[in-house]
Amino acid sequence: MTQSTDTAPLGPDPLDRLPEAKEDPPKKRTLQLVWIIPIVAALIGGWLAVKAVLDRGPEITITFRTAEGIEAGKTKLKYKDVDIGLVKSVALSPDRKYVIAKAELAKDTGNMLVKDTRFWIVSPRVGVGGISGLDTLLSGAYIGVDIGKSQEKQHSFTALEVPPIITSGLPGRQFVLNTKEIGSLDVGSPIYYRRILVGQVIGYQLNPNGKGVTMKAFVNAPYEKYVTPNTRFWQASGLDVSLDANGFRVRTESLASIVAGGIAFQEPDDSSQLAPAPENTAFRLFSDRVLAMKTPEADAEAFLMYFQESLRGLSVGAPIDFRGIIVGEVKSINLEYDPKAKNLRFPVEVLIYPSRLKARYRKGASAPMEAGDPNHHKVMNALIEHGFRAQMRTGNLLTGQLYIALDFFPNATKTKMNWNDSPVVIPTTPGSFGDMQNAAASILKKVDNIPFEGISQDLRKALQNLDGTIDRANKLVERLDGDVATEAARTLSQAKATLATAQQVMADGSPLQQNMGNTLKEVSRAAESLRNLTDYLERHPESLLRGKPEEKP
Amino acid sequence: MSTARQYRLASCHDCGLLSKLPSGHGHCPRCGAALHFRKPNSMAKTWAYLIAAIILYIPANVLPMMITGSIVGVQSDTILSGVVYLWVSGEWPLAALVFFASIMVPMLKMIAILLLLITCGRRSNWQPQQRTKLYRLVEFVGRWSMLDIYVVTILAALVQVQSLASIAAGPAAVAFAAVVVLTMLSAMSFDPRLIWDPLDKEQEASGETHDAKH
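Protein chains in written order, with my numbering: chain H, 1 to 553; chain P, 1 to 214.
If you are wondering where the hints come from, they were derived from the structure by calculation, not from laboratory data. Accuracy of the hints is not assured; some may be wrong.
What the hints assert, rightly or not - Some chain H residues close to chain P (C-beta under 10 Å, calculated; not the full set): (1) 20; (2) 21; (3) 40.
Claimed, not checked - Here are the simulated DSS-like cross-link-like pairs (lysine-lysine), alpha carbons at most 30 Å apart as the crow flies: (4) H:80 <-> H:51; (5) H:107 <-> H:88; (6) H:149 <-> H:76; (7) H:115 <-> H:76; (8) H:22 <-> P:20; (9) P:39 <-> H:22.
Claimed, not checked - Each pair of labels, with its calculated beta carbon distance range: (10) P:4 <-> H:50: 45 to 53 Å; (11) P:114 <-> H:116: 54 to 62 Å; (12) H:114 <-> P:74: 25 to 33 Å; (13) P:100 <-> H:50: 28 to 36 Å; (14) H:14 <-> P:114: 35 to 43 Å; (15) P:90 <-> H:36: 40 to 48 Å; (16) H:134 <-> P:161: 19 to 27 Å; (17) H:156 <-> P:94: 38 to 46 Å; (18) H:94 <-> P:96: 35 to 43 Å.
On a predicted model such as this, the values are computed, not experimentally measured, just so you know. Ideal placement from N, C-alpha and C gives every residue a C-beta, glycine not left out.
The shape of chain H in the complex, shown without the other chains:
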């Protein structure tokens, strides 16, 4: 305010007339309360910063083949359908071959990032096992996570090409199957145990040397306990049509396995109960059930057989049968030149499974053919002595398939085994079919020896004689006809008349008949009265002495 003369009401010096304010004692300089505000702000800011740092989960990099469906800031990482992270950025790798996605995971996921943790993109997919990931049509693809069991930490991963079928949380056990070719099997192909769906194929890979395929099969709990070290796996893909010495057979597992293929497993029926096989046990995957159920070749012993007859119809794999028990199989059929006989011969190499024979021996008794047994040769020699031979037999007349039978042929030509040969030769005896052929030949020979010409001449002579005999017989009959026939006719007519008279006498109503009837009536009456008398006497035997008592009125 400036000095002014305009404000007249206040007088000549208005300042003098102003009221005095009540003065406060001078204030001590104290800390202003207002400074609490920036302190609080700093605390809040600091807390936010700390929280951001604390909440920040681990960051990982995942390498994908393509970034299909992945979007920075949108694509989530899910484990068991729970969000555990978010893709932060997607970029090409320096060599432009892959896509590298950086993802930030939730706070407590550090222990999930181990070496065998798997990542894959979940998007709609149509596979053998059905349609999956339909929900991602609406929500967009996400990255599936399966946490591994390894202890080794890792922060960069390579995503799987296809989603794993089995997640690590699923109870069950994994097994390794070795096979020559994969057939119609694929990831997701079913595994059957006694035709119940118990598992799936979860992966396969070509062996590094290119020979064979290694598959991984997962058997769900509680069926995994049925897989024992003795279990056999075989391909149940499609139709299994087999034509062998046992005939024509068609086997299938289920309709689904016909379409999609599958694997079945089972223990051989005769195997004893074993403990379940541990995880990742390797098994051989057989191409069919019959092969699978055969005793493994490991304990097979090779023998050689030479057959005289044609080997047509004998195939590799044909069974060796000992009175109905299959003890081996044909391994190979060859042709070789026999320098001694200067002839070709046909060696058939066979595998005999001594264990099959052993299994059927009583406890304590050793197998007769088990290699290494000191009695081995002795027993075998004794068997051969008794006529133990191999013989080719027809298994199936329709198809002509042959099998080799082992049996005792007491009439077989004596022979001995040469144990120095390798493989040892089992003596053979001509097959039943060959027998038949030989018999036919010998019959034909005998037939050939019959003097048909002489016989025919004799026969003609005999026929001429017979002719004369018949002539004479004819004459005799004629004479009989003339003389004897008239006499006979007369006798017959007399006999006829006699019979007519007899008929008259015996006819109904004739006096003889009537007399006879009357007589019979009399006789029956007499019999009746006689019965009455005997009845009475039976009741009153005393009447014989006393006489008949007076009847009382």
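Chain H is fixed; fit chain P onto it per the hints.
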């Protein structure tokens, strides 16, 4: 030029009574309100509010402002990511507007108050008139820099179709609102007369004789 302080006079804020106040601290003789020549602790209060605003300006820009959820997922945007989104999608004027209103204005406001505080703290005589104009501008702009909060709150209120789409204010909204309020408080607690006080001191020094006549 004379000021009320030079005459040791103070007017009551409540009843308007002018009274003599030699010491600078006292109460109105008529209504009992506190009397002072300048806003008490103006500089300290302004500093406090400003520092608080500067601190909270960081989370306001770093944290998500708006969380939009739709069936295709949840997205949270900071102010800057919103601006970037608008810019990338071709909405340049809108991007510029949001950038200016939500990032530049609060920042410039804080810089302006900082400038005033520093110059007054150093009792500078530099451009008092321009600085006063700046103060007026800061005071005027104050209430209008809440635009973002308005937008977020209105959107959040409007778009709440739970299963299909939802919008929620993020933690940055709170920080941002706090920044706006704190800068307003800071501007309010600043006493623009402090800009001119150094000039008075100069005059006082030169015109001491003039005063003494009265």
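Status of the hints after comparison with the structure:
no.	hint	in the structure
1	20	5 Å, holds
2	21	4 Å, holds
3	40	7 Å, holds
4	H:80 <-> H:51	27 Å, holds
5	H:107 <-> H:88	15 Å, holds
6	H:149 <-> H:76	22 Å, holds
7	H:115 <-> H:76	21 Å, holds
8	H:22 <-> P:20	9 Å, holds
9	P:39 <-> H:22	18 Å, holds
10	P:4 <-> H:50: 45 to 53 Å	49 Å, holds
11	P:114 <-> H:116: 54 to 62 Å	56 Å, holds
12	H:114 <-> P:74: 25 to 33 Å	29 Å, holds
13	P:100 <-> H:50: 28 to 36 Å	32 Å, holds
14	H:14 <-> P:114: 35 to 43 Å	41 Å, holds
15	P:90 <-> H:36: 40 to 48 Å	46 Å, holds
16	H:134 <-> P:161: 19 to 27 Å	24 Å, holds
17	H:156 <-> P:94: 38 to 46 Å	40 Å, holds
18	H:94 <-> P:96: 35 to 43 Å	37 Å, holds
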